[in-house]
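Model the full structure from these sequences, guided by the hints.
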Amino acid sequence: METVRRLYQQGRSMMSLDVASNMSVNIYVNHKRIIPAFENSDFRITNNGIETLLVIPAINARVSFRGLMFSIYMPYSLFHGNTEGQCGKSKRW
Numbered sequence: 001m002e003t004v005r006r007l008y009q010q011g012r013s014m015m016s017l018d019v020a021s022n023m024s025v026n027i028y029v030n031h032k033r034i035i036p037a038f039e040n041s042d043f044r045i046t047n048n049g050i051e052t053l054l055v056i057p058a059i060n061a062r063v064s065f066r067g068l069m070f071s072i073y074m075p076y077s078l079f080h081g082n083t084e085g086q087c088g089k090s091k092r093w
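Be aware that the sequence shown starts at 1, since it is given in the numbering used here, and climbs by one per residue.
Among these hints, one or two may not hold up.
Pairwise CB distance ranges (calculated) [to be verified]: (1) Phe70 / Asn30: 33 to 43 Å; (2) His31 / Val55: 12 to 22 Å; (3) Tyr73 / Gly49: 34 to 44 Å; (4) Arg44 / Leu78: 17 to 27 Å; (5) Ser77 / Gly49: 17 to 27 Å; (6) Glu51 / Val29: 16 to 26 Å; (7) Lys32 / Ser77: 30 to 40 Å; (8) Arg33 / Ser77: 31 to 41 Å; (9) Phe38 / Ile59: 16 to 26 Å; (10) Asn26 / Gly81: 29 to 39 Å; (11) Ile72 / Asn40: 13 to 23 Å; (12) Val29 / Gly67: 15 to 25 Å.
If you are wondering where the hints come from, they were derived from the structure by calculation, not from laboratory data. Glycine included, each C-beta is placed from N, C-alpha and C at the ideal position.
Laid out in structure tokens, this is it:
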């Protein structure tokens, strides 16, 4: 996977994480490149050199990127029976 995109709150905020072939990570918020740490009213993004982490506090969700692997954590209480596969079909977001 080369890009993760997350539109949130009906398009109010957009986060895009692009991974280059040399594993460098470029992060964009509303089409502007940002350097972590970054925070707005919808989410926060941090990068410690090993892991890039997107946190959406309102729904207690996290997206983690570590080199070759993305991990997505969503609370069972909000998303049980409400997601479908890696292509991401969710009735809630």
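The hints, checked one at a time:
no. : hint                      : in the structure
1   : Phe70 / Asn30: 33 to 43 Å : 21 Å, violated
2   : His31 / Val55: 12 to 22 Å : 21 Å, holds
3   : Tyr73 / Gly49: 34 to 44 Å : 21 Å, violated
4   : Arg44 / Leu78: 17 to 27 Å : 19 Å, holds
5   : Ser77 / Gly49: 17 to 27 Å : 33 Å, violated
6   : Glu51 / Val29: 16 to 26 Å : 18 Å, holds
7   : Lys32 / Ser77: 30 to 40 Å : 34 Å, holds
8   : Arg33 / Ser77: 31 to 41 Å : 35 Å, holds
9   : Phe38 / Ile59: 16 to 26 Å : 18 Å, holds
10  : Asn26 / Gly81: 29 to 39 Å : 35 Å, holds
11  : Ile72 / Asn40: 13 to 23 Å : 20 Å, holds
12  : Val29 / Gly67: 15 to 25 Å : 22 Å, holds
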